[in-house]
Amino acid sequence: DIVMTQSPLSLPVTPGEPASISCRSSQSLLHSNGYNYLDWYLRKPGQSPHLLIYLGSRRASGVPDRFSGSGSGTDFTLKISRVEAEDVGIYYCMQGLQTPITFGQGTRLEIK
Amino acid sequence: VQLVESGGGVVRPGGSLRLSCAASEFQFDDYAMHWVRQVPGKGLEWVSLISGDGDKTYYSDSVKGRFTISRDNRKNSLYLQMNSLRSEDTAFYYCAKDIDSGSYSFESWGQGTLVTVSS
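Heads up: the sequence lines are chains A and B, in that order. So the numbering used here is basically just the index in the first sequence, starting at one, shifted up by 375. So the numbering used here is basically just the index in the second sequence, starting at one, shifted up by 19.
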């Protein structure tokens, strides 16, 4: 199974400041088609999770452009250019390359 | 896209439960579907996947042999038959629509249904 490891696990951020979450996979997520099969999800308090980024860097429909994904192979980053209060919640990376599909442990973003 | 789960509840260890997910506002049989669960206060765990035509199914090791995923494309519905339930199966269960990008990605999620396994 592919193991996904996130850091940090807790991220206090001042509104308006940038934030960054790292995700590392135990195997390369780079497919032969050139895409990285890595997603980012956010679970806001009291809500179901929703997709932010897929294929490593593609924003899902309706996701603000302050969210961006980067990286390749085994190292990936989710960046929020300017954190807003509505961004609080738990962020998960996930590999969609093979079953079993696996998630990182989650990073809790909170507002200072 | 609308996904509405039902069928959760309280069940004793060793018991069975069948979850349903009613899908609407998209061409259901064009997309693979997944079940994902989350133990309250814990992380996300993928449970199972079924292809759009229902021919291919995949399971996590933790549920293989106990859970069965199925779909009825005429009814736009997804199911999860859960047998031999254990306390560690207690979780919110979400159905999720695949994005069909080539990789597995969960484009849309239902609101979840809570399964509690307890004596």
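Think of the hints as simulated: they come from the structure by calculation, not from any bench. We put the CB at the ideal spot given by N, CA and C, even for glycine. Keep in mind that the hints are not guaranteed to be accurate.
To be verified - Covered stretches of chain A (chain B as the covering partner; in silico rule of three or more C-beta atoms under 8 Å from a C-beta of chain B):
1) 407-414
2) 421-427
Unchecked claim - With a Cα cut of at most 27 Å, we get these calculated DSS-like pairs of lysine-lysine:
3) K61(B) <-> K83(B)
4) K61(B) <-> K454(A)
5) K454(A) <-> K419(A)
6) K75(B) <-> K94(B)
7) K83(B) <-> K487(A)
8) K419(A) <-> K487(A)
9) K419(A) <-> K61(B)
As the list claims (entries may be wrong) - Here are a few chain B residues that face chain A, going by a calculated C-beta distance under 7 Å:
10) S25
11) G26
12) F47
13) Y50
14) Y77
15) S122
16) S124
17) E126
18) W128
19) Q130
20) G131
21) V136
>> I'd like to know which numbered hints this structure contradicts. Please list them from smallest to largest.
In response: 7, 10, 11, 12, 13 and 21
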